[in-house]
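Dock chain one against chain two, each of which comes alone in its own frame, and use the hints as you go.
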Amino acid sequence: MPEDRVDVLVVGSGPAGAAVTKRLADLGAKVMCLEQGDWVKPEEYPSTRPEWEIQLKRGPFHFSPNVRKRPEDYPIVSAGTHPPNILMFNAVGGSSLHWTGHFPRFHPSDFRVKTLDGVGDDWPIRYEDLEPYYDMNDGEMGVSGLAGDPANPPRKERPTPPLPLGVLGETIGRGFDKLGWHWWVSDNAIISRIYDGRPACELHGKCMFGCAIGAKASTDVTYWPKALKKGAALKTWARVREITVDPQGRASGALYYDREGKIHEQPARIVVVCCTGVGTPRLLLNSKSKLFPQGLANTAGQVGKNFMIHPFRFVEGLFEERTDSHIGPFGIAGFSQEFYETDLSRGFVRGYTTFLERSFGPLHHAWGSFVGKPVPWGDDHHRVFRRRFPHVIRLTPMGEDLPDERNRVELDPEVKDSNGIPAARVVYSYSENSIKMIEHGYRTSKAALEAAGAIEVLDSGIIAPAFHLLGTARMGNAPRTSVVNAWHQAHDVKNLFVVDGSSFTTSAAVNPTSTIGALALRCAQGIWERRRDL
Amino acid sequence: MKGKWSRRKFLKTGLGSTLALGSGTVAGLATAKAGAREKSRDPSRNLSSAQRETLRAAIDEIIPAADGMPAASQVGAVEYLDRQAQTDPSVQKDLAASLAALENLGRGKSRKRFSALSRAERVAALKVFEKPPHDSHFAALRDYVYESYYNQPAVWKLIGYEFHPTNASGPLMKPFDESVLAKVRKMPKRYREAI
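Listed in order, the protein sequences are those of chains A and B. Quick note: the first sequence uses this note's numbering, first residue 1, plus one each step. Quick note: the second sequence uses this note's numbering, first residue 1, plus one each step.
If you're looking for bench data, these hints aren't it; they were derived computationally from the structure. Wrong hints could be hidden among the right ones.
[To be verified] Keeping only pairs whose Cα atoms sit at most 30 Å apart, straight-line, the calculated DSSO-like set for lysine-lysine is:
| # | chain 1 | residue 1 | chain 2 | residue 2 |
| --- | --- | --- | --- | --- |
| 1 | A | K446 | B | K183 |
| 2 | A | K156 | B | K174 |
| 3 | A | K446 | B | K189 |
| 4 | A | K30 | A | K226 |
| 5 | B | K174 | A | K446 |
| 6 | A | K57 | A | K41 |
| 7 | B | K93 | A | K69 |
[To be verified] Selected chain A positions facing chain B (Cβ under 10 Å, derived; list incomplete):
| # | residue |
| --- | --- |
| 8 | G148 |
| 9 | G169 |
| 10 | C211 |
| 11 | R322 |
| 12 | E338 |
| 13 | H364 |
Since this is a predicted model, take the numbers as computed values, not measurements. Yeah, the Cβ is synthetic: ideal placement off N, Cα and C, and Gly gets one too.
Only chain B is shown next, with the shape it has when bound in the complex (with noise of 0.2 Å):
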């Protein structure tokens, strides 16, 4: 199915027409280029050091190192969320009310920071935490980890992910086949007229 096109012919004619429609169309339009919407990284949205601290003792309980896989702090997973908490206040807030909330519950058992517990304590505060009334908190948790686990081109690498960016080459794929409907073809008309 793919075309016999050169990436650069594509490019040109394609991809390359198009950013010319749209540069010339937006053109009278000052205030509308892409880079406006742009989150640029503010520091003071750092993950404080606490908060990095039981942030990377949370996060290799939910993903640990198993079956030939890494846990989520080889990883730079911690390092990819505090980009992303540097880069949109809505990530920051998020983090700072689950890690806030896992630290409360830790110490109202044991008095101890959630990263002085032990592996096998941590998971159990974490078994309480992802049930109501926490479990708001335990889902954001672990979505915001998986997310930092996921966008690793190294763990791509290891499930057999390949990405490929739409402005770039796409897959291979078997062509269609249309003997796959031989059956279906035989099937005798399967709609209503209606007049």
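Bound-form chain A, shown alone (with noise of 0.2 Å):
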């Protein structure tokens, strides 16, 4: 039985779908939200707890939905030369509940990649079409932070001052000083003021673990209080089975299942669909018709090709005096971007920005900490953890990826999820300039850690935590090449938008979060101001 008609239909609850459906409902809309996850309660989280790092390993917290198997969660498979590990969460705010918070944007020239360096794709919007929207979404999020930083175009004063640095921000400070480095500390979307009637931060770390005071800017405590204060709905235990359209190939809603596996059918006059790079390419190649036998908005067989996520490194200098890297918020506490812009004198095109991290707790130092080398056992074992505990700096080079239509998430043949909708495969593998552009990073990473004072250098060597789901519906002018338009509408499908990680042209060096939320909401204005030829 087909319930009342909506103007938009979202599906997904993260960043975009957050953003997009606050926008819309604050416009005049009637929007309605499918998420599949259920609300998550500040008491749930496991940073309320003392035994929060065994989620490192396994349970209902886990980053990965392969090993934590909520309910909620759909399996997804790994296949490539260098298989992802997929995270994320399925939740109402999504995977920003276990996100760091940090919150850069992208350089101009990330918009214009193929005509700056001749590779990859320009995007159809230029730095200068997403500026209003980092505000707008700044502002909605909250945001600690300083401008002034010259390596990137200026920008408003952050409606919070930055976090503090600790003492590893100042250690490492020094040490790109003495190089003669570029380094800034960090935007996060982690207030350090009361901000919109949300208290400031108070320095607990574990932020990945959830914000149990809501200072991270987990879209459940930004966007979600206020769109439905404004009127929108949001069903939760709602998993999107398939987009449905109508004689004409418009999209006329979506069939979803309930938690008791009961189907529904939510009419909408139009459809946006904001699951992740992984989830939205699932869901419009779940979505067959006579019409679109290859799946929806995938004529050009474009949905699922050049599935992106940031190569990495996690490079950790041990320090005779104590660096505390465990204690403060999580969240990017600096950064360098000296190595940002193209240079083909290093050996590859792009470049990367190098993260100043905190760590987490003693149990994870012990357990080999983020370079994978655990503490040895036996008699040396209490030296040896007192060496790197609490005496570590961590720096993470992350690369820019490139699109390449080999790498790409497509519906598994043989795996399904609760209700049957086959699984999510990912095929992936790292580009020859992406393992000489982190190699590049760890060298550099090395010499900032030995110039800042480390005794010791340890290396993970490049590794695939798939956090950024990037390039499977991507924006683009061209049909042939691309999933959708510079307004995030499908090419194929008029009243069809994608906004999410799928929809990136590049990957840029950067955390993606900050520039789904801007896209999100410069979408949801084209929708408004589109809507009567929709």
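Set out below in structure tokens:
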């Protein structure tokens, strides 16, 4: 039995879905959002419990859906030369519940990769098109930071001042200064002052295991309360199986399962898909019909192609003095963009950001920390443990991934979720360019740590923790090589929009959440302005 | 950087309002309670006395008393793992497999139970155990032992770690000092314009 038709149906309630819903509700649209997960209550967060670090190995808040296996999760199969470990969360607020809170912006050059550097593709929009929406998103989320960074275009005074750097920040800052390299205190969507009815950060750390006070801007505490107040509807435990189409090939709504496995139909004038760079292509590919036998918005076969993550490498320096890197908000303390813009003399195109990151607690250090080198057992255990904890500073070079059609998300032919919907299968291999870039990132991180006084440097090697799921329904002007246009409107289906990490034409070398929110607000504005033609 | 709010005021306005929103929205979803996911203890999942004996013998070789620190068994590590096994079947399964593999290894050599070996023999057995083909069983056991040790408040005190739950007040940190960026501020623009 179809339910009442809404103006706009949004699928997914994370950073994109929340922003789209709230903005359209503000503008006066009747909006409904379907979310396969539930609200997570603050008292459920592992960060409120002493044994919180267990979740790094097992438990309902593990970053990987394949490990935590909550009823609302769907399985993800990984393949390729470097099978990625897909990390995300299904709940109201999506992966923003798990996210560090780091909130950087793209550079202007990130939107003109093909023109400037001859690789990847150009976005159909420019930095200037997105800038007002970055500002709007900053205001909605609440950000701490400092304007004046010479590596980024000027921006308005941040809504709240920077969070403390801590001993690790000041120590590594001296290292960067000694080398004459750029560094800056990071923008974080973690407020350092009372802001918009939310309390200031209490510097607990453990932000990736939920911020119980709501100082970190997960969208369940930022956009959603306001969207609901504006009249938007949010249905939890609503797992969308497919986007439906009418005989004219227009999106007509969605079919979804409730928690008991009962199927429902939700009609809508306009549909917006915001399910991450893995969930979005999965849903579109599963939305097959007579008119769209290859899946929705996939006439050119582009849905699921060009999957991008960010290549990482963790580099940890051990220092004689205490660095207390486990103390303080987890969101990136600072960063260097000394090697961000292309310089072909380095042996690779495009570049990377080096993050100054905090660490988890003593247990994670004993297990091997981010570099995967466990403290030895036996007689030497305590001596080595004391050398490492709390004496580590971690630098993480994170590079730009370039689009490659061979890296892709598709439907798995065998594995299904609890409702019988095919699992996502993710195929991924690093490019030679990424490998060279991250090798360079390792060398420069080591140099910076040593300049800051590190007595030993440990390294993870190149790894594939896929927190950033990008590029699988990308923006572009050409329907042959992209899925949506500059306003996130599907080339094939006039009233279908896609906005989230999947919309990214290229990945840049910064965390994507700030850009996802800005794109979502711009997409909502575009829908509103074109609503009579859709 | 820390706000001047009292703990009570902060809880009332921040956490309090978040909880009110969460519970209000969840009210219609009877099955969505947090408690539903909490695993209850199941006595049938207790480690057996033989497993506990092996565990106790191995645990103090993995983390012995040294350098002013207690051995794992002295801080309740065995009891911790027994509790974890009761509440999480995956822990019981992993531990049972690792302990069985360790016993089998010991018996192949000396026909003694692991717990009956001398300290030097136990260390030698563990050194074999950490290498292929047993390495995955060893790594699981080692990681559980580390978990059982570093989740103990008594150990935290000795290593200088303070746990600050995110629903209580946090640690103190020196406020951000803008002067640390003085040198960088003087740098020329470092990003490319793009039209």
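Please list, smallest to largest, the hint numbers that this structure does not respect. Checked against the structure, no hint fails, so every one of them is satisfied.
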